[in-house]
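2 protein chains.
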Amino acid sequence: MSQLFTYLNDARGRHLEDLLAFLRIPSISAQEVHRPDIERAADFLCDELRSLGLEVEKITGEGNPLVYAQTALDPARPTILIYGHYDVQPVDPEHLWNSPPFEPVVRDGVIYARGASDDKGQLYAHLKAVEAFVRTGTPLPVNVKFLIEGEEEKGGHSVYDYTEKNPEKLACDAVLVSDTSLYDENTPAITFSLRGMCYTEILVDGPAQDLHSGSFGGTVRNPGNAIAAIVAGLHDARGRVTVPGFYDDVVELDAAGRADLNRLPYGEAELVRDTGAPSSSGEAGYSILERMWVRPTCDVNGLWSGYTGEGGKTIIPAKAGAKVSMRLVPNQDPEKIARAFTDHVNALAPAGVKVEVRVLHNANPVLVPRDSAMMQAGLKALETGFGKPATFIGEGGSIPITGTFQSCLKVPVVMLGYGLPNDNIHSPNEKFHLDNYYNGIRTTVAFFGEAAKLAK
Amino acid sequence: MSQLFTYLNDARGRHLEDLLAFLRIPSISAQEVHRPDIERAADFLCDELRSLGLEVEKITGEGNPLVYAQTALDPARPTILIYGHYDVQPVDPEHLWNSPPFEPVVRDGVIYARGASDDKGQLYAHLKAVEAFVRTGTPLPVNVKFLIEGEEEKGGHSVYDYTEKNPEKLACDAVLVSDTSLYDENTPAITFSLRGMCYTEILVDGPAQDLHSGSFGGTVRNPGNAIAAIVAGLHDARGRVTVPGFYDDVVELDAAGRADLNRLPYGEAELVRDTGAPSSSGEAGYSILERMWVRPTCDVNGLWSGYTGEGGKTIIPAKAGAKVSMRLVPNQDPEKIARAFTDHVNALAPAGVKVEVRVLHNANPVLVPRDSAMMQAGLKALETGFGKPATFIGEGGSIPITGTFQSCLKVPVVMLGYGLPNDNIHSPNEKFHLDNYYNGIRTTVAFFGEAAKLAK
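As given, the protein sequences belong to chains W and G, one line each in that order.
With my numbering, letter number 330 in the first sequence gets 330, and the count goes up by one each step, no holes.
With my numbering, letter number 172 in the second sequence gets 172, and the count goes up by one each step, no holes.
Note that these hints are calculated values from the structure, not bench results.
Owing to the predicted nature of the structure, the values given are computational and were not obtained by experimental measurement.
From the three backbone atoms N, C-alpha and C, an ideal C-beta is built for every residue, glycine too.
Some clues are possibly wrong.
To be verified - Residues from chain G shown here face chain W by an in silico Cβ test under 8 Å; the list is partial:
| no. | residue |
| --- | --- |
| 1 | S213 |
| 2 | N222 |
| 3 | R295 |
| 4 | G302 |
| 5 | W304 |
| 6 | G311 |
| 7 | I315 |
| 8 | V355 |
| 9 | V359 |
| 10 | N362 |
| 11 | S398 |
In isolation and in its complexed conformation, chain W is listed as follows (with noise of 0.2 Å):
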């Protein structure tokens, strides 16, 4: 190991240059006008993996290509499959960027590029750490395959259908995936859970057309107030969602993991300072960071009804409207999530209007046990590349992949964040610490190592 890492240390300015000529690549993936881009990234991923003398594959089909390699696999050894995508976000509003998104320049000690953290410079340290063990001759103590995607920032499905398809290609120990964030810049963290999503649109319809209030307000039901009513009607007094069965799935977090969470320094003072609210509010019962990370929500995206200009406008609406949605935790299913919150809001609704309920778009909650030998494995990494003790954390989003590879691979998803949660991802200004670079792959290395130990 500290032949490795004296070798990390010498390399420094190297994998720097490197990182950044992955960086100048502007592979937008949102952007048709950079399809060319993209197919440059992919081949800029692909001649490194062919250069460490990993078996490389460019699979192209209907959208952006994916990129597959391995490396030679030895049945003794476990086998870690990496995880990330090299396409990144559109940059705009670019006037707002201190230099140029797609040439990066490094300010004490941090790189600004779009894809710095998101997802370049996280997925490269893990090339850079096969490239140490490659580099100095020693035998990688573990079969490492890559699976790298250029549709994420776009929402594709290649890597999904890819993964759906070929479990036994993809056969692994476990996935590493670099695509969260530290818990803070002194706290290195592996994310152990991710919340799901149900995304609905509730349509409310009542007279033909919008009717003037004085004519005939109080004798029809008016859709403004009808929707204000089925959506004060998804949560009760306690802040707890109303629709039947809601709960009926949720894993409670048992006393060690609330415990673990709640040793995090996150209480009223940080919530208030992070969102500029008036005070904290939710779920009765709960601290902040469970209600954030491992509890499930419903929340009102958008409401609309009626006349919202300047001054007063006399109408009953014709229409009204909402988006809701439900961040979800395990073992919460999306589809008999949408169902009952179909049937509830079709109870909530008061006569007089018709209402309907879309759903836009579902996707399954995460989690990772964090007594599994890998997951601790990735803890002992994370604390021999920062050289800091490392914690499990929560993530109130989703990463829709990582619950396809679970179905799919039967295997823990280890999520080993590089970034930090300010790393100004998808904003301008996107940035990455070389810190962070450097100790990212360190940490791939220990993994490796730790991970071999757990013979199969």
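Please build the complex by placing chain G on the supplied structure of chain W, with the hints as guidance.
Then chain G, alone, in the frame of chain W:
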């Protein structure tokens, strides 16, 4: 009387031509480009009133001119103050008109033109009634004053200010207003009640900016959910408004009044036909016409929060809002209701958001005693003028100047409506039926006669 009606029969052709000349003036008060036409319309009335021997004043101030005129005033006779407005609504969308809005045409006994019913045609009937007395040499049995404004359609203040400052000059025994309608083509009607208004806007502020609903969902109060809870809390399960004290000052219609209203053939089928709503709705214990005319309401006119475009956006909105207006009935006081509403909204507001209530507009409700002698005179005049039994009706909307007349002049405001509910006022193809014009003139003549019987 028969001599007067004979004169009116003979004069029909000329009375139509004179009205068409008035309708050709595009006196749109909301559009500055029509300011010269406003002057022309005021001058048109001044000239005609002067030609009838009245003493005429064109009163100019900050707004559009008021036209004031009076006959010789005999203190032994009752005095009638006639109100109307010479300005009209804009004409857009103009392409939906079957003939140009300011080139009046008569098709199948109906005049089509902007202002035909609202209010030039109705107002002008009163001038032609005075003309009948003058041209036949019949002494007017009452003193007549005219107060005609040019800002009704843009909500100007001139006529309010003038009335408040000149109650002695405007002193009278009844105000006559023709700016409403028959109940239907076979039922002439006096409008005896108008609802008032308290129009508010509720603004909810949560986090400083939209938040990622994955990252923060479950930890802060969602302004979209909060506005829904507030609006839903404004009604109980029986459709009653929950603002404390809301019904305290409501004058309940007596048994005779309820029986009168409920004789009119308007029920579930008629409401569904007129509105396209799936069914009727509203306050338990009252008929549809009662809810429409003599019960107060509380309606959402607009509602907004977060993302309302296509598909999903996973945010907790920073803000939400609603426009909520209440239609008021005698003797509810808009200012008192506004205070109670504001307090109630603040009490309904959940913790974790800031809530502000703005009152945008107030108007007093109006109730004219149906048993007053002048109202009974109006009923008889309608029956004489239209040759059919007349009835009392309510109106769900507001005509704010009538409240000012009541409070400043302390006399009944007799609303003899000569239009029809489907005259397309404020819409393309506004119309006025010739029969209603001619019968309206007869009614005003008859009203002068009936009023004269009420010796002072």
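Hint check:
1. With 8 Å as the threshold, the beta carbon of S213 of chain G comes within range of chain W, its nearest partner Cβ sitting at about 5 Å, so the hint holds.
2. Interface hint status for N222 of chain G: upheld, as the beta-carbon distance to the closest one in chain W is roughly 5 Å, under 8 Å.
3. The interface hint given for R295 of chain G holds, since its Cβ lies 6 Å from the closest Cβ of chain W, which is under the 8 Å cut-off.
4. The criterion of a C-beta within 8 Å of any C-beta in chain W is met by G302 of chain G, whose closest approach is roughly 4 Å, and the hint holds.
5. Contact between W304 of chain G and chain W, as hinted, is supported at the beta carbon level, the nearest pair being about 4 Å apart and thus within 8 Å.
6. Taking 8 Å as the C-beta contact cut-off toward chain W, the hint placing G311 of chain G at the interface holds, the least distance being around 6 Å.
7. Interface restraint check: I315 of chain G against chain W, minimum CB-CB distance 6 Å, threshold 8 Å, status holds.
8. With a least beta-carbon distance of about 10 Å to chain W, the hint placing V355 of chain G at the interface is violated under the 8 Å criterion.
9. With a least beta-carbon distance of about 10 Å to chain W, the hint placing V359 of chain G at the interface is violated under the 8 Å criterion.
10. Taking 8 Å as the C-beta cut-off, the interface hint given for N362 of chain G is violated, the closest approach to chain W being about 11 Å.
11. With 8 Å as the threshold, the beta carbon of S398 of chain G comes within range of chain W, its nearest partner Cβ sitting at about 6 Å, so the hint holds.
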